[in-house]
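Student: Next come the chains, spelled out residue by residue.
There are 2 protein chains.
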Amino acid sequence: MATYSRNGGVSNQQQMHDDQQINGTIKPPTPINAEDEWTILERVFRVLADEGYLGPATHQKPVVSFEYPDDLKKLIHFPMDEQTPSSADTIEGIIRNVLHYSVRTGHNHFHNQLFAGVDPYGLTGSWLTEALNTSQYTFEVGPTFTLIEDAVIDKCLRLFEFGDGDGILCPGGSMSNMYAMVAARYRTVPDVKRTGVVNLPEPLVVFTSEDAHYSITKAVHWLGIGLNNLVKVKSDRQGCMIPEELERAIQSVLASGRKPFFVNATAGTTVLGAFDDFNRIADVCQRYGIWLHIDACLGGTAILSRRQKHLLAGANRAQSLAWNPHKTLGAPLQCSIFLIKERGLLHECNAAKADYLFQQDKFYDISYDTGDKSVQCGRKVDAFKFWLMYKARGSLGLEALVDNAFECAESLQDQLRSRTGFRLVLEEIQYTNVSFWYVPTWLRVDEPAQETADWWQRLYSVTADIKERMVKRGTVLVGYVPLLHKGIGNFFRMVVTCHPRPSPETMRYVIDEIERVGEELPQERESFSNQNSSTK
Amino acid sequence: MATYSRNGGVSNQQQMHDDQQINGTIKPPTPINAEDEWTILERVFRVLADEGYLGPATHQKPVVSFEYPDDLKKLIHFPMDEQTPSSADTIEGIIRNVLHYSVRTGHNHFHNQLFAGVDPYGLTGSWLTEALNTSQYTFEVGPTFTLIEDAVIDKCLRLFEFGDGDGILCPGGSMSNMYAMVAARYRTVPDVKRTGVVNLPEPLVVFTSEDAHYSITKAVHWLGIGLNNLVKVKSDRQGCMIPEELERAIQSVLASGRKPFFVNATAGTTVLGAFDDFNRIADVCQRYGIWLHIDACLGGTAILSRRQKHLLAGANRAQSLAWNPHKTLGAPLQCSIFLIKERGLLHECNAAKADYLFQQDKFYDISYDTGDKSVQCGRKVDAFKFWLMYKARGSLGLEALVDNAFECAESLQDQLRSRTGFRLVLEEIQYTNVSFWYVPTWLRVDEPAQETADWWQRLYSVTADIKERMVKRGTVLVGYVPLLHKGIGNFFRMVVTCHPRPSPETMRYVIDEIERVGEELPQERESFSNQNSSTK
Chain A
-2 MATYSRNGGV SNQQQMHDDQ QINGTIKPPT PINAEDEWTI LERVFRVLAD EGYLGPATHQ
58 KPVVSFEYPD DLKKLIHFPM DEQTPSSADT IEGIIRNVLH YSVRTGHNHF HNQLFAGVDP
118 YGLTGSWLTE ALNTSQYTFE VGPTFTLIED AVIDKCLRLF EFGDGDGILC PGGSMSNMYA
178 MVAARYRTVP DVKRTGVVNL PEPLVVFTSE DAHYSITKAV HWLGIGLNNL VKVKSDRQGC
238 MIPEELERAI QSVLASGRKP FFVNATAGTT VLGAFDDFNR IADVCQRYGI WLHIDACLGG
298 TAILSRRQKH LLAGANRAQS LAWNPHKTLG APLQCSIFLI KERGLLHECN AAKADYLFQQ
358 DKFYDISYDT GDKSVQCGRK VDAFKFWLMY KARGSLGLEA LVDNAFECAE SLQDQLRSRT
418 GFRLVLEEIQ YTNVSFWYVP TWLRVDEPAQ ETADWWQRLY SVTADIKERM VKRGTVLVGY
478 VPLLHKGIGN FFRMVVTCHP RPSPETMRYV IDEIERVGEE LPQERESFSN QNSSTK
Chain B
-2 MATYSRNGGV SNQQQMHDDQ QINGTIKPPT PINAEDEWTI LERVFRVLAD EGYLGPATHQ
58 KPVVSFEYPD DLKKLIHFPM DEQTPSSADT IEGIIRNVLH YSVRTGHNHF HNQLFAGVDP
118 YGLTGSWLTE ALNTSQYTFE VGPTFTLIED AVIDKCLRLF EFGDGDGILC PGGSMSNMYA
178 MVAARYRTVP DVKRTGVVNL PEPLVVFTSE DAHYSITKAV HWLGIGLNNL VKVKSDRQGC
238 MIPEELERAI QSVLASGRKP FFVNATAGTT VLGAFDDFNR IADVCQRYGI WLHIDACLGG
298 TAILSRRQKH LLAGANRAQS LAWNPHKTLG APLQCSIFLI KERGLLHECN AAKADYLFQQ
358 DKFYDISYDT GDKSVQCGRK VDAFKFWLMY KARGSLGLEA LVDNAFECAE SLQDQLRSRT
418 GFRLVLEEIQ YTNVSFWYVP TWLRVDEPAQ ETADWWQRLY SVTADIKERM VKRGTVLVGY
478 VPLLHKGIGN FFRMVVTCHP RPSPETMRYV IDEIERVGEE LPQERESFSN QNSSTK
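These protein sequences, in sequence, are chains A and B.
Taking my numbering, the leading residue of the first sequence gets -2, the next gets one more, and so forth.
Taking my numbering, the leading residue of the second sequence gets -2, the next gets one more, and so forth.
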C-alpha cells in the first residue's frame, strides 16, 4: 500500500490504525439533529460579515496572509481523518482559519487575475441557486431558471447583434471555446458525429493568434484535432492577429491538402487586452468559408458601454462568441456565456436523446428542456447571477461600472506615464489591462544603449522579486507575466475590474507600493549599477 | 433585425424604442452607493430562511407551484430590459417571485433526480467559496483551496484504494468521463496530442454498456472518436454489463482492424442503479490491455458505508474513476471527483504551459499550481464543499446518512411489495434506485395473459398521467423513465438520497399519493377495463 506524504496524508501505518478503529472499537455516532445542523448557515453568514466579505472592500486586512505550502499544512489540518461529527464551534473555527489564510480577491488591492471581487447582486444570485440546488437541463426541475437562461441568452444575442441565434451557459470560457469548435466541426463535416475525425480525407485545421488564450490549444488536443493542425498566426506589437498573416496561413494549409475550418479571434487578449480586427478577419473567413469564433471572454464586457463597444465592431459577423461576465464584470465564478448564430445547431450537434431525462411524452412543450444542447448532463444554474445583476442595476448601472473601470485603467496609465521609474509596455492600453515595469533607482541607466540583455534580465527578475515581497507583505496582489513569443520577459499586468469599485486612489496605491518595495530590495542589488558603471 | 418571441423578448419595434431611450433621453443613473448595495445579502438570507430553504425539509409548502412556460412568462418578467437601477424592495420582490415558482429539490417529497436536497455543511461550503470568489488553478490565488482539493483527492484515492494516484474536481460527471477518455487515449497513443486522431493507423474504439450514462456517447462525439467507434455492450436484466459480451465485442473490433482502448463500467446506472461486475470486467480489460474507467458518479457514495461498499468490489482495479458527491450524498451541485491511478498523467496529458498563469520563476514550489492538469482555465472551488461536509460529519456521520438512505430504499421496496396494485420492475434493488409501476384498480386484470401489449401501453401512459397530476398538485416529484432497449415503457424511478433525511414515512407518502392520484384518474379510463372484459 502507498504512503501519502506530499499533502499531509497519513502513513500506511496510521491508515491501518484508523481502519481498525472504524471496524472495531468506535460506535456510530448519534447523528446530529437535523434541525441543529442548519444553524451553521447563520454562523457562516455572521463570520463572512465579520470578516468583511459581505460589504464594500476595505484596506483593513491584508490581501493575503501568505504561508508557504508546508507551513500552511501546519496551520490548518487538511487531512480528512475525522471519524465522529464535530461541534458547531469546531466547524466555525475551521471556517475562520480557512478564511484567514485565503486570498481576498475582493480586496481593493487585488489585481492579480482577470477577475477580482464579486458583484453583490451576483453573489446574491449564486447563494440563492446554491440553496435551491437544481440543475439546468429540464423545465421540470428548473422552470424559472430555464426561462431565465433563455432571457440571458436572448439579451446577449441582442447585445452582440447575433440575430435569432442560440446559446448556453458553460463552466468557463475554455468550455465555451470547445463548444464553438465542436459546432464548427459538425457544420463543416456533418457526418463527424458518426465517423469521428479519423480517416477524414483532409485533416481539419484551426487558426488562432499567438496572443490568444491557451484554451484553444487544449481544445485542439481534446477534440482529437491534434496540435500539428493548430496554426498560431503572428500578431502585431499590440497583440492583434495580423489578417494578412492569417490569409497566408490559410493558403499554406490549403496547399498542404488540409482543411481550414475554424478561426479563433480574440476580444481582449489575456495579457495585453488586445482586440483583433474582426471586420478584416471576418472578410478572410468569408472568403474561404471558415467558421469565425470570437473569444470575447475578457473583452465582451465592453459591449455594455456605449463608449467602449466600438472595440467589438465586426464581432457580430462571427458564427459564435464566448463572453465571461465573471471576469471584468464581477459575476461570481463561473458565469460564461456561449452564443451561436445558427439556431438549432447546438442541439443537433450535441443531442444524445437520453430517454430517462428528456422523455418525449411530457405534458408541457419539451422544447423547453434545453439540456440536450449541452455536453454536460447536470449543469449549474449560472444564468441567474447575471440576470439578477442586470435586473438590479439596469443597463445604465452596468454601463457606469464598466465606464468606471475603463476610466481607472486610463488613470493608472496616466499616473504611470508621469512617474519616474515606471515604463509602459505598450504606448496605449486597449482594454483595462495595463502592462508596465518599475525600474528601481539602482537599476536606472543614463541612455538606452546601457539597457543590455543583462539589464533586461535584471529588470525581469526585479519584477518577480517585487511581486514576491508584496505577496509576503500582503499589501498588493498584481500579476506579472512574460510574453516570450515577443521576446519580452516579466512585466506587471494589472487588470482593472468593475468590482470592488476601483478609483484613481486605489490605482495610485499600487504604484506607490511597487515603488516602495522596489526601492527596498536588498542592497546586494546595487552591485548591478556599480558593476554597470565600472564597465562603462 | 430579428424579433424575439419565444422567450418573452421584446419585439423589434420595442427594441428600437429602448435603443432610442438609451441613446437619447435618459441620463445615466446615480450609481447605487457601494455600501447600500451589499444589504441585499442580508435580505436574501432572510428570504431564504423565511421560505424554509435554510432548515430541515417540511411538508408545508408544495414541491412545485407548476405553471406552463407561457403562463410563467406572465407571472415573472424575464426579459432583461431594465435601464435604471432597481430598489432593494423591487429586487427582493423579484427574488420572492422566482422562489415561489421554483422547484423545491430540498422538499421531503422531491425524488425526481439523482440529487435532491443539499447537505447544510455543503451549502455552507459553497456560500463561502462563492463569497471568496477565486479560481482553483494556482496556489497563489487559492492557497487554502489548493491544499483542500489535494486533501479531497488524497482521501478519495484512499477510499477507493487507488494508491498514489491523482485527481481533479470537474464540472460534472460527464466532464469526468471525458477526462478519463482523454487520458486513456493519450496513454494508448502517446503522440495523439500532436497528431490528433486523424490518420491513426487503427481507429480507436470505446466500449460501454447499453445501460450506461449517455455522457459516454457525448464524449465519443466531442473527442473526435465517432459514434461508429462506440460499442454498446449488452447488459443483463438487472442492467449489468455482461462480461462475456464485452469480450466478444472486443474480439470483433480487433478482427475489424480497429483498436479497443477504453471500457466504461458503471457503479450505479442512472435508471436501475446497477453495478457492473468490476472484477470480471477488469479481467477482460487486463487480458486485452484496455483502460478501464468506472463511472461511479451515482454509486460511488456506497464507498462511505461499510455495509454497502462491497458493491464497489474490484473498482480499485480500474485506471480511473468518477464520483459525484453531489448526487446521493447531497453536496451542492457541482461536486464531481475524477480519480486516476497514474500520477503525473493528467498533467502530462493536459498541460499547455501558459506562461501568464504558470510562471516558472515563482518563489514557492510550483508543483502546487495544479491548474494545468485541467482542461478548464478558471475552475470553481468545488472541493471545499465536500471537505467541510467530511470535517463536520466525520466518516461515521456520513456513513450514517448513507446507511439511512439505503434503509429507506429497502423500506420503500418492502412497502411496494406488500401494497396491492404496485409492481416492482426488478425483484431486488441494487442501490437506492427503486423502480415500479402502479396499476390502478380499473386497469387490473385477472391473469397475466390479459396483460396484452395494449394493456402495457395503457400502464405506461397511466404512469406519465400520474406524474403530470402530482406535479400539478405539487405533492410529489418523482421521475418516470422508459428503458426502450429492454423493451420496457414508462415506470417510476425513485432515487432515495441522503438529503433531506428520508424516513419510512416519507417513502409511504409517495406510495399513498401515487395510489390516490392513480385512482382519481378520469372515469374515461374505465373504458379500458369494460372494453377488455367485453373482448374476453
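Calculated from the structure, these hints are not laboratory results.
On a predicted model such as this, the values are computed, not experimentally measured, just so you know.
One thing to keep in mind: the hints can contain errors.
Any copy will do: because identical chains look the same in the list, a pair fits if it lies in one copy or spans two.
Here are the simulated DSSO-like pairs of lysine-lysine, each with C-alpha atoms no more than 30 Å apart in a straight line [unchecked claim]:
no.: 1; residue 1: 469; residue 2: 58
no.: 2; residue 1: 359; residue 2: 306
no.: 3; residue 1: 350; residue 2: 483
no.: 4; residue 1: 306; residue 2: 256
no.: 5; residue 1: 71; residue 2: 231
no.: 6; residue 1: 229; residue 2: 483
no.: 7; residue 1: 359; residue 2: 70
no.: 8; residue 1: 306; residue 2: 350
no.: 9; residue 1: 306; residue 2: 71
no.: 10; residue 1: 483; residue 2: 70
no.: 11; residue 1: 71; residue 2: 483
no.: 12; residue 1: 469; residue 2: 229
no.: 13; residue 1: 71; residue 2: 256
no.: 14; residue 1: 231; residue 2: 469
no.: 15; residue 1: 229; residue 2: 70
no.: 16; residue 1: 306; residue 2: 58
no.: 17; residue 1: 231; residue 2: 58
no.: 18; residue 1: 58; residue 2: 256
no.: 19; residue 1: 483; residue 2: 306
no.: 20; residue 1: 229; residue 2: 71
no.: 21; residue 1: 256; residue 2: 70
no.: 22; residue 1: 350; residue 2: 70
no.: 23; residue 1: 359; residue 2: 256
Student: Hint by hint, say whether it matches the structure.
Tutor: How the hints compare with the structure:
Proximity of residue 469 to residue 58 under the C-alpha cut-off of 30 Å is restricted to the intra-copy arrangement: shortest distance 13 Å within a copy versus 52 Å between copies. Taking CA atoms no more than 30 Å apart as the test, residue 359 paired with residue 306 passes in neither setting, with 43 Å inside one copy and 36 Å between copies. In this assembly of identical chains, the alpha carbons of residue 350 and residue 483 lie at most 30 Å apart only when taken from different copies (16 Å versus 47 Å within one copy). Within a single copy, residue 306 and residue 256 get their C-alpha atoms no closer than 33 Å, and across copies no closer than 51 Å, so neither meets the 30 Å cut-off.
With identical chains, the CA atoms of residue 71 and residue 231 are never at most 30 Å apart, being 48 Å at best within one copy and 52 Å at best between copies. Taking identical chains as interchangeable, the C-alpha atoms of residue 229 and residue 483 lie at most 30 Å apart only when both belong to the same chain, with a minimum of 13 Å there against 50 Å between chains. Only between protomers do residue 359 and residue 70 lie at most 30 Å apart by alpha-carbon distance; the minimum there is 19 Å, versus 52 Å within a single protomer. With identical chains, the CA atoms of residue 306 and residue 350 are never at most 30 Å apart, being 39 Å at best within one copy and 32 Å at best between copies.
Taking the closest pair of Cα atoms, residue 306 and residue 71 never come within 30 Å of each other, the shortest separation being 50 Å inside a single copy and 33 Å across copies. Proximity of residue 483 and residue 70 under a CA criterion of 30 Å is satisfied in neither setting, with 39 Å inside one chain copy and 52 Å between copies. Taking the shortest Cα distances, residue 71 and residue 483 never come within 30 Å of each other, neither inside one copy (42 Å) nor across copies (55 Å). Taking the closest pair of Cα atoms, residue 469 and residue 229 never come within 30 Å of each other, the shortest separation being 37 Å inside a single copy and 55 Å across copies.
In this homomeric assembly, residue 71 and residue 256 never come within 30 Å of each other (Cα to Cα): the closest approach is 55 Å inside a single copy and 49 Å across copies. Proximity of residue 231 to residue 469 under the C-alpha cut-off of 30 Å is found in neither arrangement, the shortest distances being 38 Å within a copy and 59 Å between copies. Taking the shortest Cα distances, residue 229 and residue 70 never come within 30 Å of each other, neither inside one copy (41 Å) nor across copies (46 Å). Taking the closest pair of Cα atoms, residue 306 and residue 58 never come within 30 Å of each other, the shortest separation being 36 Å inside a single copy and 46 Å across copies.
Taking identical chains as interchangeable, the C-alpha atoms of residue 231 and residue 58 are never at most 30 Å apart, the minima being 44 Å within one chain and 61 Å between chains. With identical chains, the CA atoms of residue 58 and residue 256 are never at most 30 Å apart, being 55 Å at best within one copy and 58 Å at best between copies. In this assembly of identical chains, residue 483 and residue 306 lie within 30 Å of each other by CA distance solely inside one copy; the values are 28 Å within and 55 Å between copies. When the C-alpha separation of residue 229 and residue 71 is checked against a cutoff of 30 Å, the pair qualifies neither within a copy, at 45 Å, nor between copies, at 49 Å.
In this homomeric assembly, residue 256 and residue 70 never come within 30 Å of each other (Cα to Cα): the closest approach is 52 Å inside a single copy and 45 Å across copies. In this assembly of identical chains, the alpha carbons of residue 350 and residue 70 lie at most 30 Å apart only when taken from different copies (27 Å versus 47 Å within one copy). In this homomeric assembly, residue 359 and residue 256 never come within 30 Å of each other (Cα to Cα): the closest approach is 43 Å inside a single copy and 41 Å across copies.
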